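Construct the complete structure from the given sequences, taking the supplied hints into account.
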Amino acid sequence: MTNPLSGTQAAEEPARSIVLVHGAFVDGSGWQQVHSELVDRGFEVLVAQHPTTSLEGDVATTERLIASARHPVLLVGHSYGGAVITEAGANPKVKSLAYIAAFVPDVGESVAALNEAPEEPGEAKAPLLPPQDGYLVVDPARFSEAFAADVDPATTRFMAAAQLPWGLAAVITPLTHAAWKTKPSFYLVASADRMVPPSAQRRMAQRAAAAITEIDSSHAVMMSHPQDVAAFIAAAVISTIRRAGQ
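According to the working numbering, the residues represented by the sequence shown are -12 to 233, in order.
Bear in mind the hints are in silico, worked out from the structure with no lab data behind them. For clarity, every value in this text was computed on a predicted model and none was experimentally measured. Hints are not guaranteed to be accurate.
[Unchecked claim] What follows is a set of in silico ranges between Cβ atoms, one per label pair, in the way DEER data are often shown: (1) D120 x A100: 16 to 24 Å; (2) A149 x P118: 13 to 21 Å; (3) G121 x G29: 40 to 48 Å; (4) D126 x K80: 24 to 32 Å.
C-beta atoms are modelled at their ideal positions from N, C-alpha and C, and glycine is treated no differently.
What follows is the structure in structure tokens.
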């Protein structure tokens, strides 16, 4: 991982809660190892389980977690979860945002609009099947290579079979808030991603003026590099606290 961040919530630091928001085609279980790492570092960690059927519904699920958090919040979003945290991050309890191989829309943009940007030579986009009944899934035969090439094949075979279909309403709905415009943001680029092109990740991160870290990983970076992801998230919390002068 280049430009690595590291951090642990020390006893003397103001307490923070972390809310982990998953992306499309998977659920919150992908955060399991990251959750354990962060809890061991002393953070309260909440994990969203949202259906990815509508942006409004997924934001509402995330808002409920923010409300239940004991401390000010760092919102973390993976993939489509980046759109969710960009909208939900307008909540005043949210102090900063961390994007992991994620979409970062602006006001009036949807994930679908962002995905229209062409990839660069050697990159790839998600191999999606045509919509069925208003939902998208990744081609199961190509799921492992596209989503999680550096994760155990037995695990990715199950992930392909157990996909959470992504509702078109979530894909095409434009955002009404862009929390990154007013709050510190951090971005972890997965440089071997074949779902969201790394070049697109860098462009979105730069537009959001996010502090950028890169890691040689597939899209499923929270599963293939959980310690690095946990260190990135923990350091984002500490950086936010110190930037605020608390």
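Comparing the hints with the structure gives:
For the pair D120 and A100, the beta carbons lie near 23 Å from each other, so the given range of 16 to 24 Å is met. Between A149 and P118 the CB atoms are about 19 Å apart, so this pair conforms to the stated range of 13 to 21 Å. A hinted range of 40 to 48 Å holds for the C-beta pair G121 and G29, which are about 42 Å apart. Distance hint for D126 and K80: a CB-CB separation of about 39 Å, inconsistent with the stated range 24 to 32 Å.
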